[in-house]
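**Q** Chain residues, written in single-letter form:
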Amino acid sequence: MPMDNAVKAILVILTIVATIGMFASLTSPAVRVLMGFADESTLDDNSKDEYIYSRQMNEETINSINALLFSINSIAHYDTNLKTQTEKDAFTDEMFSVEQERKFGATTVRYTLSNIETVFIEDLNSDEGRETLIDALIRCHYMFEDNGKKKTRCFGIESKAASLNFGELKSFATNFRETNSCNENCKETIDTLFNPLALASDKQVVEIDGSIGNNFVICAEPSAGDISHVWTDRVYLSPSLSHHSCDVEREARNDDVLGMKIEDFYLKQDVGPISTLEKFVKGYKPNILYYQMADPVIAQDFEAAIFTFDVWDVIKWELIGSALFDFIPAMKPVRKFAGAWLKSTGKEIVQRAVKEGAEATAEEIGQQWFKELFQEVGEKLSNAKGIGGVYNALKSVIERVQNVVQGIKNIPSSAINKAVTGLLGETGETATDRAIRVMTVKKEIRRSLKLENMFQGEFVDQYLKAAGRSTSELQEEFVEKLSKESFDRMAKGQSGEITEQEFQEAFEDVFGQYKDEMGEFYEYYLKNPRIVTEKYNKEFIERFSGDLGAQMLKEIRINSRIWSKFELRLNRIFNTGIGPEEQLKIVRELMEESPDEVFGEMLSSRNDMRRFLSSFSLDLDAFTKIPGPEGKMLLGAGDIDTFISKVDEFPLSAKYGAALETHMKDLGIKEIVGNPLKKKRHILILGLWFLSAKEVSDEEIFHPIGINSFGYKTSISTPAIFDDYLRKDWDYNKEKKKKDEDNKYHDYFLHYGDSVIPGVNDKKEEEEEEEPSYEEQVYVTEKYTGTIPALRNYFVALIKDQRRFWFDQPPDRFYLVAPCKADVNVQLTQIECWGKPQEAKKPTNLISSLFAKEAKYATGTFNPLLDKREEHFDGKNQMLYQVDENKDIIKLCDKKNLWEGITFDDPYTPMTITVDPVLDRSLEMNYCYEGIDEQMMVANVLLNYAIPIAGGLIGGAACGGVPICLFASGAISGAIGGTAYMALETGAVDKVPGLSTFMNTMGIQTAGYHWPYHSSRGH
Amino acid sequence: MKKKLLITIIAVLVVLLLIFSGYVVYQKIKPREIKHDYYTIEPEPWVEDTPFTDEENDVKISVSRATRSKSKFDIDKQEIYDKGLKTLFSNGLYKGMPLGIAKAILNESTELIIGPEMDPDDGVVEAFILGKYEEDEFAFYIFLDEDWKKQIPDTNILYANDLDESTVRKYDFTSYTKGIYIDKVKGDFDWFLSSPRKGGVFVGEINKETLDIEDLRLTNLTIIYVR
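From first to last, the protein sequence lines stand for chains A and B. First residue of the first sequence? That's 17 in the numbering used here, and the numbers climb one at a time after it. First residue of the second sequence? That's 59 in the numbering used here, and the numbers climb one at a time after it.
Chain A with its partners taken away, still in its complex shape (with noise of 0.2 Å):
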């Protein structure tokens, strides 16, 4: 039959991917509340006050960013989709309310058709400021003659401090007029405008409309335009375009560009109080909202700002690493690298370098090691006194590191090269690399793969039962085949990667045979849905087809991450040949760790480990289940069980034990109380799969997630991706169906996220139910989150600090970082980037590879590796890409290197959306961009440059010129530079010794908080 064999074809592909979705269980009541199946009442009182306080924390920023991905989206919609007059005034007149308005909660989104002509006033109260004013008001009603007396729009006017009304308007155009600013034509117009024999507001030709704000609307309007006027013609100050007097003629207001504003946009963060030490030394990690992928300057800024700031990873190794290969410390990602580097291949170069006893392992001399020296420098400094002071301090620190220095220098290059090119730090056929690499190759094939149909995996496993092959058999096939070329080269040190030849390769050879019948088993399934649904398995695929299979694939999304950590880290105990006494202490050390020391701060206290639990759905069952490389069961129940028979009693900290029971209540395991072994067996695994998530989250604050999405990264948890997988409720493939694109996102956008349009659909919300409950909220919120198709075509990009300095916000890496309470203006604009198509440099020693440049291509031509054609926009919007480890299309806009030099190459202008926060000065802890201002510019210029060069020179004399000597001494007083610019950004200055004198005496402001240190001309 041939259709059996299509389908056992199909199954055996996707049962590869199927595994992981066993543990994405919906079964537990913390989960379901989060996930909005469930009432908050099922959780525990203690539990239901903690998720209440992050909840009101979590609505508004679910609000904000609906209210921002609805804007974006609207726009790339309008401008793509929307392809007559008659569709896009459609659009606006349904969508939004009479006052052009739509609600998400107390965010405000007020659409714009217009860009007219903006005039920046610093301050309305100030002379300057209400002369500009003036004059605008002058130059609109030359425009509304000139216009024939039509009804004009003239300026937008953004204003920093509005405080205004028609009195003081017209009393300082009064002494105006009188000034040698006003020339006669001057003086007549402001005659017209400010009636001098009338005193009434409503005899004069300029009226104010409305409470107006910082940011208002200049428009003119004939006599007789509306009734309360009928004698004289108008000039209106007025909140927003909505008014009577703004409406103009189609053909003069270039209706054709639309924008909108958001207004009281927040996303939340409990900050607390950074300017302690406690804070400032151990930092919290900021909730950031990013496009595609952050860049990865700004990311590793982040990772090594004070707000991820974590001693210990910051100095340990990467020291070392600027200490051998470059004396720019400032530079981070060249420290970052080499601190990656040292990271893995530490062990070696220390045991040669600092030669010590066998007892200790070289990473715990290096620490020990440099744990001493840091306690050295911190008590000599603070003792120092002034620069002659600190310049003492850092000497001695610097020779100890000579000693170091020198051990360093005498490894062989073959050896740290060969340290590299391996990857893996060791050498050797062990039973870890076996299971690293496995696990690698999973992964890899994981990504090929399309994710989304593994929903369908839960009865291959069935159907092979029947068929008397195991899945695991051919998965394993897979794998080895795999492996065998690509690591036996991986061994030779030629190459870290398999390529997509040698995948390509090994999928032919173990899956060709089904090859043909996998396509004609696709074509049938979508021509007989029905039919097929009800052969195999009707409730199955009801269930996950739908909703389920939507909020699986983003559970999956969001945890397939860990589970690799998680599988990697079960290897290691359970299968690379260890003895019980071996694994048990690798346990004993694990289970005995106080969650400070595991998790740091962040996750201290009981609240934080319960979110952070709470993110993810686990099915503890399940894990005793999965397959594992060998064949075997990955962590079999058996095994575990015999494992955990012979620990008497666990020895869990105190508040690591009562954190993991209680979210076992939450998971409704209630018959672990009567089961020790079971019991034991879930808080082995809960804490396995604890740390694996703690440690993904540490290590991908910005992990790529392709294009058309954005992810929200709490400190928590990997991101949330907002993507066109959350459309829940919205059903592509029936609308898709539909001819033009206004219909097929016609319910989209009406019913995105919890919104509101006035006037239209909120009286019946109130009807139907006068609070919703929060979960409710979430349900309704995440169904209609998400992209378009369309805005793959567009870039991101944050505006604000571009008007300003060019090098500050690259416009192809989209950020906002919470707490980010704001205004929000987004409009559509066009960017230039620069630079070429250009071939992958795959790096050929560690030095090069600092270099190495990763292939670029231009929408529009052929793309060997994705073996297709990447349309671009509109057949004249073409623009560079990369594709990301996920195969995902990451879009590029590199400003001009001017240091490499200017030539006539042409540039690539793209269309883009732009999104310019303008920030709300009453939240004092407000970030939401990384800004500069010329204060920290010049302590940037001192702490992270001149220190460092300074403390490299002088260290480097100290040990006869010696250029690594010289190198090591820079990063050092990099390091402390560096201390120094923290604490001066966050208000902790008097914690450093000897700064705030420093940096008085250099002219610097200390006082104060220079966080958020954004641009000060007020845009």
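Keep in mind the hints are simulated off the structure, nothing from the lab. Just so it is clear, the structure is predicted and the values come from calculations on it, not from any experiment. The beta carbon of each residue, even a glycine, is placed where N, CA and C say it ideally should be. Check before you lean on any hint, since a few could be wrong.
Taking lysine-lysine and the DSS-like style, the derived pairs with C-alpha atoms no more than 30 Å apart in a straight line are [said to hold, decoys possible]:
| # | chain 1 | residue 1 | chain 2 | residue 2 |
| --- | --- | --- | --- | --- |
| 1 | A | Lys-884 | B | Lys-256 |
| 2 | B | Lys-128 | A | Lys-203 |
| 3 | B | Lys-130 | B | Lys-207 |
Derived list of chain B stretches under chain A, where covered just means 3 residues or more per stretch with a C-beta under 8 Å from a C-beta of chain A [said to hold, decoys possible]:
| # | segment |
| --- | --- |
| 4 | 94-101 |
| 5 | 202-208 |
Place chain B on chain A using the hints.
**A** What follows is chain B alone, placed relative to chain A:
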């Protein structure tokens, strides 16, 4: 009697209402008298005084006025809202030094400023290129200040839809107002509709041979351009 009075009052009210309505209708349909010629075809009025700044000679080229409010200039680019969005990006170099570096370090260039705000005799070379639709063609107006003429009297304009086939001519310093020189090139330009852009308008010490120089930093040339 009372009835008569009532009818009279109603009649008067009706007449008043008719007069009022007539007035309103008249206001609506009467031909509008144009008092000001704010939007002009000639470029000279676009160069406006800026009476509120400290410097008397300061001028500003009004992009809005030149384009009937269909365009604006922001930092380094002119956006034109006319049948969709078009953008012209300004840039340049002064004696081989890229403008961006000065911008980055000082937030402004002390020797060369590109943009619509100018002080003609402050010793700083200032220039601005403004693009706009004119009838069925596209025109680029090139504004240079007195300082430019003093420092670079031998100025060329190079323009093309494709730089491989460019046209070069001398800048005409004849048209002049308020310390600003005005010249323009007009033609069938469409280079700004494609990406990547192969054309542009370049003004300064430039000719066709300049286009072959691999690194302009090694020269001592001053050039501004829109691309």
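**Q** If a hint holds in the structure, say so; if it does not, say that too.
**A** Status of each hint after checking the structure:
1. A:Lys-884 <-> B:Lys-256: holds (26 Å)
2. B:Lys-128 <-> A:Lys-203: holds (28 Å)
3. B:Lys-130 <-> B:Lys-207: holds (26 Å)
4. 94-101: It holds, with 4 qualifying residues against the three required.
5. 202-208: violated (count 0)
In summary, the one numbered hint that this structure violates is 5.
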